[in-house]
Amino acid sequence: MARTPTEEPAMDKSYGLIAAFDTTPALYHACEQVRNAGYTQWDALTPFPVHGLDAAMGVRRSRVPRFSLTGGIIGFATGMSLIWWTDASDYALIVGGKPYFSPMFAFPVSYELAILFTAFATIIGMFLVNRLPMHYHPVQKASQFVRAMDDRFYIVIEANDPKFNVAATRALLEQAGGHDIAELEE
Amino acid sequence: MGAHLADHPAPAILAEVQPASLPRKELVHHGRDFHWITEKICGIVEGPTPTWWWWCFGVAAFVASFTVAGLTYLVGTGVGVWGHANPVNWAWDIVNFVFWIGIGHAGTLISAILCLLRQKWRTSINRASEAMTIFAVACAAIFPVFHVGRIWMAWYLFPIPNSNYIWQNFRSPLEWDVFAVSTYGTVSVLFWYIGLIPDLGTLRDRFFTVGRIWRARIYGFFAMGWRGSNRHWSNYEMAYLILAGISTPLVLSVHTIVSFDFAVSLLPGWHTTIFPPYFVAGAIFSGFGMVMTLMLPLRAIFRLEDLITQYHIDNMCKITLATGTMVGYAYSIEFFIAWYGSNPYEGFAFINRAFGHYAWAYWIMVTCNVITPQFFWFKAVRQNTTLVWCLAIMVNVGMWFERFVIIVTSLARDFLPSSWGYYSPSVVEIFTFFGTFGVFSFLFLLFIRFVPIMPMSEVKAVTAAADPHGPHPH
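Here the protein sequences line up with chains A and B, keeping their order.
Here the first sequence is numbered in the numbering used here, starting from 2 and rising by one per residue.
Here the second sequence is numbered in the numbering used here, starting from 24 and rising by one per residue.
The following block holds chain B by itself, in its conformation from the complex (with noise of 0.2 Å):
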């Protein structure tokens, strides 16, 4: 190297070159110390339970009465409650299923994605993220669960020998689906709990110190003895590394796998090679819209702005404009692929979902999916938290019609003129799928508050103070 450089000496003009200085963005306002991001974190734990959370956690718990209901009574009966008929055999148990399993997807990109590409605002918003996962892959589970009728054979979906001594047939994509969400679900906790561990001793600590003890002790079983040892730390980091490099090929299957259900069949308007990446990017787009519903009234009412600032909804914003656009971009990529396909079951599929019996829910689809996150390509809109709701609201709407569009119209019309028919959803399968809302926002709100809802640790290592090298570059 030195040689070299005494060979060919550098240009004159490369000392008078001045590199920009772009200065990273601060993810801590206000040069919060780490103190108080503890107190700020813990104190949301160890304070009184506030009076709106307990309406909340009312109103959840009577909301998600209806999916009970609505499940005891399909079980009681049989799936005939539910509005499927013939060719509609898949409706809107597999839609909710593809919804919910596509928001749980947001959280592990930010837990798993964006931390290998060292995505630091992440830190603020991983693990409330990761919780909405976990509590979307439960609600998304019901429905294929409940779906296959018996629910009592339901240990059928797994390779457990039985009295028929048939096994599985691992050649079918609904088995591989087994496996992908299965798996998906499992390695959701144990990510967040290894996440969670730090933070839990904090909370045992903090807890014997004022003298409660059974909340330091419950906190304490699951801190595993953690004491912030520098020697663990770099285990501890290593294991996460690897769970966040694992995650991010199984976060891309299982989303591949759930659009295998559809495209590894021969219907018109699912047999398409596109699913995979389209199905990916509308799941980290549905899934941000989720995202962005959850945090932004939290920050609100806890007052996080100096943890989740206006750099952290921007960076969301952008995500939800770019997979938005990317799924806009699927949309008119399948209508020139079945037009320039020339098939004419597959051109008849797609003219029918625009301008047939279902184009309502197509447009709906549109306008919500296409046309609502080109909105962020203002600052503007971005820096008006109420609009940014508003619009990760019509993204969620966007989607769960994007599964319908997908799901019923393909359905609806196949390649028989004579087995036509026309959905429409029973008053049972409706209330479910509405209990799944309170389902969720049960364990959300058990999670606010009793969990630390930001990952403590990581989002003091962003800080400014954090680095052991001081402000200037090494």
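Next comes chain A alone, as it looks inside the complex (with noise of 0.2 Å):
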């Protein structure tokens, strides 16, 4: 179960190409080379996150925090409404001669709901809008993928993108300072 080289000539469809790059200041000048020359479907692979590199490549500002609130008002409210349901009106009772229901001491379960529902909601939407899980991927048959989850730092330009052709985009990513330039299988 070798990877497939990625040198290989007979090639069903191509992904993209893929460059790398040794050290994270090639790598940020080299995405803001991309960026500006217009790209918009294309990617960079790193062992970490990359402080900046967002800005570099024109990421915009992530949408999860949508979900985070969306889960944490559901989540209070559900403890609130729980607790008036159960102990007002399901099963009105008497304890201690404190009233049916008070936000007071409902509160601290229903802050506890508001984080439980908010912890759920930023993981399911960071998936959801990550596209995870994908077991399978072009770049993940790239023999050199491997040091993408170590210590090298990698773009890849998808052939999809409008501006992508094959010896424009590769002397793009020549001049931007990227090595062991390979074409990526489909």
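Any given hint might turn out to be false.
[Unchecked claim] Only part of the chain B face toward chain A is listed, based on derived beta-carbon distances under 10 Å:
#	residue
1	Asn192
2	Ile265
3	Val451
These aren't lab readings, by the way, just hints derived from the structure by calculation.
Source: prediction; values computed, not measured.
Note that CB positions come from ideal geometry on N, CA and C, so glycine has one too.
Build the complex: two chains, separate frames, hints provided.
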């Protein structure tokens, strides 16, 4: 089950081009160049989050917080309504002479449920936005991919980018300082 | 801004002022590169199982069997096998519960609060501390679940419809505790898992490259197809930040609610408003004691001195010192308020704590919790790893006694002298508690064998080479 070498000539369909970079500054400046060249369907692969790379790539602010906020509101409302319905509506019972319902004593449980639902919503949101789990991806077939999870940095430009042109894109990546440039199989 | 500067030209002296240049401490020694970090951390998981691991695992499993045997006997016989008797109906079970849950809090402090405070040194101790949190919460959960006696009724703790049509009493802090602890356990596992995903991806690809397909599949399943895409990192970091942001109020609320179990009652010695902050400080204090108890041997065994540097140890010692001093301050304020409040029952409860039948426990607590951390003022102490480890053990002992003192001394001497008593644990209780250290070690040993013990991606991100703008400030 060896990985298919990327330089193999008989390729069904090209996914795009991959180029390697050795340092974070090299990657950072190359990303700025690819962004300025007007590409949209491209990505950087890094073994750790590189500070400031989102701006260099032109990636917009994450949408994950919208999921989190929704989850938190639903969690808090669940707690309050659960406690009101069980202790004041479905089976109202006087305990210790306290009121059937008060937001005071309902608060701790609602607070915890707000946090619990926020956590689930954040994680589900992150997976949805990232389209994970995705156990197959063309870049994972590249023989050099193991180093993207270790100590190297890569830029991948997809063939379905409107500006993609094998020769011109390869020239851009070379000029930006990339090496081991190879074509990826779909 | 420009016009403002033109109106008021900067005094000439400003050009001559040279702010002191204070270099940040390096977090990875000897300029170790990214690949070295990968090899070091993955090597622990990929290499052959060390002999010492099997010995420790065997001992841990044996000790854990004490808990299994103790609980089996309890379920088969009844809670009477524990030493509980009027007036002390909460004893080692609740002491052990609060002890273990408190230990967990340092893991969340490191992973969440230090993340929000941008304390980059947290990265190398983060993963193991979070694992400690999860296993400590698991050990903690054993006690409240089993102390209800009829364990098969434990689901009554949750609002699940039942044949009596009656619902849980949400006015009770004990019910709040059910939600606090189960939320805490769940969110801790989720937070830990999210942190693991990139590292599991690294292990997946390394196992795949050397042809260990089954391992690659198992790690790959949990890695969710992570490929280090920066578009993913962007969302991932946002999710991580939000999880840190919600875990911070969570960890503070959990021990606050644990303290409500006592503070909301009317018993002298429990009914005090200082409990929430005092319990949270104590929890973090005990948790750092446990973090050091675990990390210092790991550092020595796996030769991790380049990643867990003296700077890390200094910081952990200083947090222990700060929180230990807060705990000492809380002890003295409790006494002051007992006197200042002029409530004779309250005053008696505290005099009795320090000079009554349980004075021995009180003074063990004060020695371990107030005096022990003061040694961390001294650099020579912090640099002596063996001594730091011994002091960390003292902290663990002291914090167990703190819960014992609070719970048992208050119950043994309540309002009515006719109902006073003296509590001693039964042998079943002692073995059940001792066994939880085996349960904890069993889980922790599995963790260090199968999971990368440090977040590689986070450690790489705090090295000097990770900064795309180079060493100059920007």
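Taking the hints in turn, this is what the structure says about them:
Because the smallest distance between the Cβ of asparagine 192 of chain B and any Cβ of chain A comes to about 5 Å, under 10 Å, the interface hint for this residue holds. Proximity of isoleucine 265 of chain B to chain A holds as hinted, the smallest CB-CB distance being about 5 Å (cut-off 10 Å). Violation of the interface hint for valine 451 of chain B is found here, the shortest Cβ-Cβ separation to chain A being roughly 33 Å, above the 10 Å cut-off.
Of the numbered hints given earlier, the model fails hint 3 alone.
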